[in-house]
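Undergrad: Line order of the protein sequences matches chains X and B.
Everything in the first sequence is counted per this note's numbering, starting at 7 for the first residue and increasing by one.
Everything in the second sequence is counted per this note's numbering, starting at 7 for the first residue and increasing by one.
It should be emphasised that the hints constitute simulated quantities derived from the structure, not laboratory data.
It is possible that part of the hints are untrue.
Which copy is meant is left open, so a pair is good if it fits within one copy or across any two.
Said to hold, decoys possible - Calculated cross-link-like contacts (lysine-lysine; reagent style DSS-like; alpha-carbon spacing at most 25 Å):
#1 K173 with K30
#2 K90 with K36
#3 K173 with K158
#4 K158 with K174
#5 K81 with K117
#6 K158 with K42
#7 K117 with K36
#8 K174 with K36
#9 K81 with K158
#10 K90 with K30
#11 K42 with K117
#12 K174 with K28
#13 K28 with K117
#14 K36 with K173
Protein chains: 2
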Amino acid sequence: MVCYECPMSVDPFEINGGNIEKFKAASHEKLVRSEKDLNGFFLTGTSAETTVYEVYEFEGPHCTNLAITIVRPGKVGDEYYMTKGHFHERPNADETYFCLAGNGVLLLQSKDGEPEVIDMTAGSAIYVPPEWAHRTVNTGDDELTFLAVYPKDSGHDYDVILRNGFKKVVVEVDGQPVVRDR
Amino acid sequence: MVCYECPMSVDPFEINGGNIEKFKAASHEKLVRSEKDLNGFFLTGTSAETTVYEVYEFEGPHCTNLAITIVRPGKVGDEYYMTKGHFHERPNADETYFCLAGNGVLLLQSKDGEPEVIDMTAGSAIYVPPEWAHRTVNTGDDELTFLAVYPKDSGHDYDVILRNGFKKVVVEVDGQPVVRDR
Numbered sequence: 007m008v009c010y011e012c013p014m015s016v017d018p019f020e021i022n023g024g025n026i027e028k029f030k031a032a033s034h035e036k037l038v039r040s041e042k043d044l045n046g047f048f049l050t051g052t053s054a055e056t057t058v059y060e061v062y063e064f065e066g067p068h069c070t071n072l073a074i075t076i077v078r079p080g081k082v083g084d085e086y087y088m089t090k091g092h093f094h095e096r097p098n099a100d101e102t103y104f105c106l107a108g109n110g111v112l113l114l115q116s117k118d119g120e121p122e123v124i125d126m127t128a129g130s131a132i133y134v135p136p137e138w139a140h141r142t143v144n145t146g147d148d149e150l151t152f153l154a155v156y157p158k159d160s161g162h163d164y165d166v167i168l169r170n171g172f173k174k175v176v177v178e179v180d181g182q183p184v185v186r187d188r
Numbered sequence: 007m008v009c010y011e012c013p014m015s016v017d018p019f020e021i022n023g024g025n026i027e028k029f030k031a032a033s034h035e036k037l038v039r040s041e042k043d044l045n046g047f048f049l050t051g052t053s054a055e056t057t058v059y060e061v062y063e064f065e066g067p068h069c070t071n072l073a074i075t076i077v078r079p080g081k082v083g084d085e086y087y088m089t090k091g092h093f094h095e096r097p098n099a100d101e102t103y104f105c106l107a108g109n110g111v112l113l114l115q116s117k118d119g120e121p122e123v124i125d126m127t128a129g130s131a132i133y134v135p136p137e138w139a140h141r142t143v144n145t146g147d148d149e150l151t152f153l154a155v156y157p158k159d160s161g162h163d164y165d166v167i168l169r170n171g172f173k174k175v176v177v178e179v180d181g182q183p184v185v186r187d188r
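Produce the complete structure using the sequences and hints provided.
TA: This is the structure in structure tokens:
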């Protein structure tokens, strides 16, 4: 078949942790975020150019997009590398996560401020309902890689997160990840 | 938040292989198919009432649905238990599969009759492009459980499969699963 967005033919592909090259090749957009890009999201300010995460987005031919995110291992201060985190702009946009490789934590927070923390490890599948902000944190020594499927008109609202943060942060204490109040 | 289809509140949930009870509880529809229901899809005729697979569907609040399918271990003749398999009625409807538990095979076939075979094991993620028929086969001793995300208007076309079958079948030979031409 012919892809919606480009003349490239798309065959079925496996998108396992160790085998995301086909996904990368089929993806329409790549986004790279450095520590500097995330300044204001971590507890500690940073202007480093070091990459924190990269996102490969695949535009589906109908209503959904797929994205693979790779969060590198690392910390800013005591806080583990993580994504910015966002609410969806569209109020009824949900999302499904599949963890492909690595170890981490999915921080969730409802509009009412209710926090939730779900462990991510290869094979984890998680449903993120609408109106729940979501951020992934890499607490391991290797890359944390996950696939997300979401409505293509979801949109991203980062502003609330930049202003208020998540209630929970994930920091290293005595060499171990600890989830604590911000 | 309030679910689109029902007054039930939906919290984020993990939907791992060993932990699909929350998904079952949140699902809006359950479908059970027996050997008899699949008569004509297997090489050998059968009228047994034994369950081959069950599907739990969760109606997302926007454009996508989620479903968990559990294919039981078993065979009809030498052929392993499997789903009916279908094309989507809507020509641009794709689907993403995530294997939660068990071992099996995803049989795919394009409109042009090109077959493809992808192994499924816990953690496998597979992208099924539009216009590719798809059928899952349980080749293991335990249940094969997988999650699918797809546009809610995808539709199912089983007729072509019932008429022509897939080009490939998965049968037991000397105690081992073998994929061979039909």
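Undergrad: Could you run down the list of hints and mark each one as holding or not?
TA: Consistency of the hints with the structure:
1. When the C-alpha separation of K173 and K30 is checked against a cutoff of 25 Å, the pair qualifies neither within a copy, at 33 Å, nor between copies, at 30 Å.
2. For the identical chains of this complex, K90 and K36 are intra-copy neighbours only, at 16 Å inside a copy versus 37 Å across copies, given an alpha-carbon limit of 25 Å.
3. Taking CA atoms no more than 25 Å apart as the test, K173 paired with K158 passes in neither setting, with 28 Å inside one copy and 34 Å between copies.
4. Proximity of K158 and K174 under a CA criterion of 25 Å is satisfied in neither setting, with 28 Å inside one chain copy and 34 Å between copies.
5. Proximity of K81 and K117 under a CA criterion of 25 Å is satisfied in neither setting, with 27 Å inside one chain copy and 49 Å between copies.
6. With identical chains, the CA atoms of K158 and K42 are never at most 25 Å apart, being 27 Å at best within one copy and 40 Å at best between copies.
7. In this assembly of identical chains, the alpha carbons of K117 and K36 never lie at most 25 Å apart, being 29 Å within a copy and 31 Å across copies at closest.
8. Taking CA atoms no more than 25 Å apart as the test, K174 paired with K36 passes in neither setting, with 28 Å inside one copy and 37 Å between copies.
9. Within a single copy, K81 and K158 get their C-alpha atoms no closer than 31 Å, and across copies no closer than 40 Å, so neither meets the 25 Å cut-off.
10. In the homo-oligomer, the alpha carbons of K90 and K30 lie at most 25 Å apart inside one protomer (21 Å), although the nearest pairing across protomers, at 31 Å, exceeds that limit.
11. Taking CA atoms no more than 25 Å apart as the test, K42 paired with K117 passes in neither setting, with 27 Å inside one copy and 48 Å between copies.
12. When the C-alpha separation of K174 and K28 is checked against a cutoff of 25 Å, the pair qualifies only between copies, where the shortest distance is 24 Å, while the shortest distance within a copy is 35 Å.
13. For a Cα distance limit of 25 Å, the shortest separation of K28 from K117 across copies, 22 Å, qualifies, whereas the shortest one inside one copy, 36 Å, does not.
14. Neither within a single protomer nor between protomers do K36 and K173 lie at most 25 Å apart by alpha-carbon distance, with minima of 29 Å and 37 Å respectively.
Going down the numbered hints, you'll see the structure goes against 1, 3, 4, 5, 6, 7, 8, 9, 11 and 14, while the others check out.
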